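Engineer: For reference, the chains in residue letters:
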Amino acid sequence: MVFSYNWLQSFFKKKLPNPKKLAEILTMHFMEVEEVEKEGKDWVLDIDILPSRGGDCFSHLGVARECQALTNSKLKIQDSKLVEAQELKTKDLIKIEIKNKEDCPRYTARVITDIRVGPSPKWLQQRLKICGLQPINNVVDIANYMMLETGQPLHAFDFGKIEGEIPNFPGRQKADSPEGCFPISKKNPNSLLGRQAGKFQIKKIIIRRAKKEEKITTLDEKKYTLDEKIIVIADTKDPVAIAGTKGGKKAEIDRNTKIILLESANFNSHLISRASRQLNLKTDASWRFEHNLDPNLTEMAINRAAYLIQKIANGKVARGLVDIYPKKTLAKRVSLDLNYIKSLLGVEVSKKQILTILKSLGFKILDSNFKVQNSNFRAERGNKVLRAAGSNFRAERGNKVLRAAGSNFRAERGNKVLRAAGSYILVEIPTFRQDILLQEDLIEEIGRTYGFQKIKPILPLAFLIPSKRNEDIFWQDFTKDILKEAGFSEVYNYSFLGEKEKRIFGFKKELEELKNPVSIELEYLRPSLIPILLRNVAENLKYFKEIKIFELGKVFLKSKITKEKRMLTGVMAACSFYEAKGIIDSFLNKLGISNIWYDEYEPSYEEGKWPIWHPKKCAEIKVGLNELGFLGEISPRILLELKILQKVIAFDFDFEKLQKECSEEHEYQPISRYPAAVRDVAVLVPGFTKVEEVLNRINSAGGKLIRDVDLFDFYEGKEVPQGKRNLAFHIIFQAEDRTLTTREIDEIQQKIIKNLEEDPEWKVRR
Amino acid sequence: MNLKSTKNQTKKEIEKAKSLSDLDNIFKKYLGKKGLLRTEFLKIKKLSKKEKIRIGKELNTLRVFLQKEIAKKAKEFRRKELSKQEKEEEFDITLPGKKIEFGHLHPLTLVQREIAGIFQSMGFEVVEGPEIETEWYNFDALNIPEDHPARVALSLGKTFYLKGGGLMRTHTSCAQIHYMEKNNPPLRIIVPGKVFRAEATDASHETNFYQIEGLMVGRDVSAANFKAVIQKFLEEFFKTSIKIKLRPSYFPFTEPSFELDMKCTVCAGKGCSACKYSGWIELLGAGMVHPNVLKNGGLNPKNWQGFAFGMSLDRLTMMKYKINDIRLFHSGDLRFLKQF
Numbered sequence: 000m001v002f003s004y005n006w007l008q009s010f011f012k013k014k015l016p017n018p019k020k021l022a023e024i025l026t027m028h029f030m031e032v033e034e035v036e037k038e039g040k041d042w043v044l045d046i047d048i049l050p051s052r053g054g055d056c057f058s059h060l061g062v063a064r065e066c067q068a069l070t071n072s073k074l075k076i077q078d079s080k081l082v083e084a085q086e087l088k089t090k091d092l093i094k095i096e097i098k099n100k101e102d103c104p105r106y107t108a109r110v111i112t113d114i115r116v117g118p119s120p121k122w123l124q125q126r127l128k129i130c131g132l133q134p135i136n137n138v139v140d141i142a143n144y145m146m147l148e149t150g151q152p153l154h155a156f157d158f159g160k161i162e163g164e165i166p167n168f169p170g171r172q173k174a175d176s177p178e179g180c181f182p183i184s185k186k187n188p189n190s191l192l193g194r195q196a197g198k199f200q201i202k203k204i205i206i207r208r209a210k211k212e213e214k215i216t217t218l219d220e221k222k223y224t225l226d227e228k229i230i231v232i233a234d235t236k237d238p239v240a241i242a243g244t245k246g247g248k249k250a251e252i253d254r255n256t257k258i259i260l261l262e263s264a265n266f267n268s269h270l271i272s273r274a275s276r277q278l279n280l281k282t283d284a285s286w287r288f289e290h291n292l293d294p295n296l297t298e299m300a301i302n303r304a305a306y307l308i309q310k311i312a313n314g315k316v317a318r319g320l321v322d323i324y325p326k327k328t329l330a331k332r333v334s335l336d337l338n339y340i341k342s343l344l345g346v347e348v349s350k351k352q353i354l355t356i357l358k359s360l361g362f363k364i365l366d367s368n369f370k371v372q373n374s375n376f377r378a379e380r381g382n383k384v385l386r387a388a389g390s391n392f393r394a395e396r397g398n399k400v401l402r403a404a405g406s407n408f409r410a411e412r413g414n415k416v417l418r419a420a421g422s423y424i425l426v427e428i429p430t431f432r433q434d435i436l437l438q439e440d441l442i443e444e445i446g447r448t449y450g451f452q453k454i455k456p457i458l459p460l461a462f463l464i465p466s467k468r469n470e471d472i473f474w475q476d477f478t479k480d481i482l483k484e485a486g487f488s489e490v491y492n493y494s495f496l497g498e499k500e501k502r503i504f505g506f507k508k509e510l511e512e513l514k515n516p517v518s519i520e521l522e523y524l525r526p527s528l529i530p531i532l533l534r535n536v537a538e539n540l541k542y543f544k545e546i547k548i549f550e551l552g553k554v555f556l557k558s559k560i561t562k563e564k565r566m567l568t569g570v571m572a573a574c575s576f577y578e579a580k581g582i583i584d585s586f587l588n589k590l591g592i593s594n595i596w597y598d599e600y601e602p603s604y605e606e607g608k609w610p611i612w613h614p615k616k617c618a619e620i621k622v623g624l625n626e627l628g629f630l631g632e633i634s635p636r637i638l639l640e641l642k643i644l645q646k647v648i649a650f651d652f653d654f655e656k657l658q659k660e661c662s663e664e665h666e667y668q669p670i671s672r673y674p675a676a677v678r679d680v681a682v683l684v685p686g687f688t689k690v691e692e693v694l695n696r697i698n699s700a701g702g703k704l705i706r707d708v709d710l711f712d713f714y715e716g717k718e719v720p721q722g723k724r725n726l727a728f729h730i731i732f733q734a735e736d737r738t739l740t741t742r743e744i745d746e747i748q749q750k751i752i753k754n755l756e757e758d759p760e761w762k763v764r765r
Numbered sequence: 000m001n002l003k004s005t006k007n008q009t010k011k012e013i014e015k016a017k018s019l020s021d022l023d024n025i026f027k028k029y030l031g032k033k034g035l036l037r038t039e040f041l042k043i044k045k046l047s048k049k050e051k052i053r054i055g056k057e058l059n060t061l062r063v064f065l066q067k068e069i070a071k072k073a074k075e076f077r078r079k080e081l082s083k084q085e086k087e088e089e090f091d092i093t094l095p096g097k098k099i100e101f102g103h104l105h106p107l108t109l110v111q112r113e114i115a116g117i118f119q120s121m122g123f124e125v126v127e128g129p130e131i132e133t134e135w136y137n138f139d140a141l142n143i144p145e146d147h148p149a150r151v152a153l154s155l156g157k158t159f160y161l162k163g164g165g166l167m168r169t170h171t172s173c174a175q176i177h178y179m180e181k182n183n184p185p186l187r188i189i190v191p192g193k194v195f196r197a198e199a200t201d202a203s204h205e206t207n208f209y210q211i212e213g214l215m216v217g218r219d220v221s222a223a224n225f226k227a228v229i230q231k232f233l234e235e236f237f238k239t240s241i242k243i244k245l246r247p248s249y250f251p252f253t254e255p256s257f258e259l260d261m262k263c264t265v266c267a268g269k270g271c272s273a274c275k276y277s278g279w280i281e282l283l284g285a286g287m288v289h290p291n292v293l294k295n296g297g298l299n300p301k302n303w304q305g306f307a308f309g310m311s312l313d314r315l316t317m318m319k320y321k322i323n324d325i326r327l328f329h330s331g332d333l334r335f336l337k338q339f
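If you read the sequences in order, they're chains F and Y.
Numbering that gives the first Met the number 0 applies: residue 0 is where the first sequence begins, and numbers increase by one.
Numbering that gives the first Met the number 0 applies: residue 0 is where the second sequence begins, and numbers increase by one.
If we strip away everything but chain F, and leave its shape as in the complex, we get:
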């Protein structure tokens, strides 16, 4: 909100620090001044008033109060010497009815007659302009001016345009208040004194909920359709204003207005806030009401406004204030523990200074030596600190000896014996500070006024214990590092995806949807990391031939409550299935998972209808019966949709399952001192035979003297008979306790060959 420097200055006799300096003080002790700019002879301060202080500081008065505390100046009392017209009583002119006191805790009103509507004086116009408001006419301008000064929004209605009712008992009214029961001249509705014979009318204002579909045209000629959640100010027929938000066209002040009804009220902040959102109508008034204004403010504001109208627009103010205030807001009291101030801020602020600060901010000290009886207060804070550490605890901090010995507790800090009595003060919170509820709130007031900047850093006293390792994060880091070593780059993608992915990947009921997406591309929660990783591939293929990327992140699967699950997913372009399989083998090995195997992928019925994976080139990665994830080629049909013209291999791990299998245990395997011998074997097998089967036969025949078997050639094609494949292996023999003799090796080799050829269709090539 913008503030006028000259206006702030007008609250003080003493000169305020210069605008730049003042801005700096306010920033360091109150709220951030975002900009200071010269405008004519004045300066504009743009202060970022945070919501906690909206109740009192969306006003020059509120900020002036801060200036009082921060610059050691004294606020002047603002002029409001109202002269009321004796012959007119407000309550005879107007009747106010609040339908629901929760909606409107207070309604104050005045009637001012004989007004001369015209332009405002220059000084007033200037102040409004500097604060970003357009001058309209003196009456409206004064209402706005008062809002900027006090924070209390006011509204002026053309009295003549408000419908009233004919009193039921004219006789009684005649007796009670003859001046009040006056006829309204049809020719001149603004005239109060046109006492023509006939009907007496008393104006009526009702604060009520709007009716369903009730309509109002506001001052700016806009039409709004209201409902029961919205409070309106109405006369006997129509709404004349959306309460606390905007005035209606019906009772607008115009050039001919002679009599006004001035409203200064307090409305339920939640209802105003909701109405303003519902109607998408945010005004200076609604914004202030949303922030919980002090109901006690209305009276001061209306009196000062009436005073100014009288002075500037030549009005006559009817006698008395109509004030409907069924439940008065009273000042709260908070007891403040001086030891707690020190403990929470970590700095010693003297009691004298504390009292000065609180008083300068408008708090009242009711008792500066308050005795706390209630054990709920923090009287025994000090004791607790020490007792926690055991009964025989004794701590020395510099010169301070702190002792705690069970129930005979006695605390000494220097020479001061800390006791509950005397270390408390009782503070009365002015009602304009509705944000102050607890002593912590007061400590903030003391801290900021004293200066957070003046608090010296002190390293905490804490137990010297190492932080517990977070296993989840440890394994996340561990796996990321391995993939990095394997040449993968890590990407972070949005957790959201859109309609396009939904269509291409055939996601259905597992997809959770955002109620309020920012765009249709970011409408669903991702149920898999694969879609966006593939989009990354498509985009990066413009610049790179080889791509190896991975992401470790959460996916979301809709069920009764949407579940989140951490996945580790990688995609590779320019990489074969087997290369990828090799990477996965080494990767899992590094994670300490050895007994993995690859099972044929069997898509579930749902998946089968719209598979991500190539149906043949996909494996389930398993440890025992536990399925950790998938490795496979992305279905070419999907790649076609994404305009990726080459094969893409992906792996997709359920990270939580993977993590359970990970192990840090690792034991050194002694390197055999005896030489290894390598023999090759090539075998021609039918095309459908899996390498795994061949390996199994080699291993079962070779036993533990085989250290390793490597497939080094795999061939299908011209050189071998149709429907056959040639597999060639290096077999590495090694014993741990001796050098194997040629005879020994030959014997095992023969056994292996025999074992392989047990299947009549298999032929070892010699």
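The set of hints was computed from the structure by calculation and includes no laboratory data.
All values derive from a computational prediction rather than experimental measurement.
Idealized CB from N, CA, C, for every residue including glycine.
Wrong hints could be hidden among the right ones.
Stated by the list, open to error - Derived contacts from chain F toward chain Y, CB cut-off under 7 Å, selection only:
hint	residue
1	15
2	16
3	269
4	345
5	347
6	349
7	479
Based on these hints, arrange chain Y on the given structure of chain F.
Structural biologist: For chain Y alone, kept in the frame of chain F given last:
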């Protein structure tokens, strides 16, 4: 044959040799199949046993001497030859090297690890929390009741709600409550994590971004303690001495609340584009944990107090690497990612 004079002569000859072929000739002359020494060895066969041993020994000594000297000289020639070669060889070191393909971790991962490492060294445990939250954990438990202006600002404008119920957390602060519920103080934690805000994106705003939350709760943890801890952290992170400024702010979950500014490390406070010519950089929000938050986490605020802070991981990463657009983090662009 006088062995002594032969020795002297050969020595001279070796010294005089000008090339490897000269040496070769010397070798042939003395040690070759028909060389002098060979002939001498043949001669001693005829001598008495005693003489045989004596002269044989001397001849052997000479042979070893010759071999050594020739080898030494040969090595000298080779060395000269090589250094000549080295000098004469043309080589262009400006030809490009052959690249190897490393993998790369995301810059946010790198910075998160660094931050976590610093706090862990000060005894802070690293904790995570769920990304889908309830209104209770995201708002109410953090002292942001319904219809509170802060709730209105965050909840209606900026929170992603799920059709099936729940919301995407708008800050990592929710994890404070989860942790307090399950652990007894004293507490020291940091919570890194992904958070979500429904915002229009630009170079400094994202819908998906990362935060790091910190919490320390003890019997007498103070604002002064916060200043010291955060100062240490910043000095470790930026690897230089740091000036901080603590000014009042407002967060519903802390009381008092602070905004922490750091003197710009780029211009040392003189004003530059990094600090928008203010000399200071707004770094993080912090404060003393609000008693209601402690209560909602199951702790008794009469016994426990502490500080909490939250900062944007994206922002610290952008500062560290001088990244000018937050959207790069989620771009998946390898031209960006491969720089880290």
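Engineer: Does the CB of residue 16(F) sit less than 7 Å away from some CB of chain Y?
Structural biologist: Hint violated; residue 16(F) Cβ to chain Y Cβ min 17 Å, cut 7 Å.
Engineer: Take the shortest C-beta to C-beta distance between residue 269(F) and chain Y; is it under 7 Å?
Structural biologist: holds, 4 Å
Engineer: Quick check on residue 347(F) please, does its C-beta sit within 7 Å of some C-beta on chain Y?
Structural biologist: violated, 10 Å
Engineer: Would the stated hint for residue 479(F) survive a check requiring a Cβ distance to chain Y of less than 7 Å?
Structural biologist: holds, 6 Å
Engineer: Go through the hint on residue 345(F) and say holds or violated, using the shortest Cβ distance to chain Y against 7 Å.
Structural biologist: holds, 3 Å
Engineer: For the hint on residue 349(F), just tell me whether its beta-carbon gets within less than 7 Å of chain Y.
Structural biologist: Violated, about 16 Å.
Engineer: Could you check if residue 15(F) really has its C-beta closer than 7 Å to a C-beta on chain Y?
Structural biologist: violated, 19 Å
The structure shown violates the earlier hints numbered 1, 2, 5 and 6.
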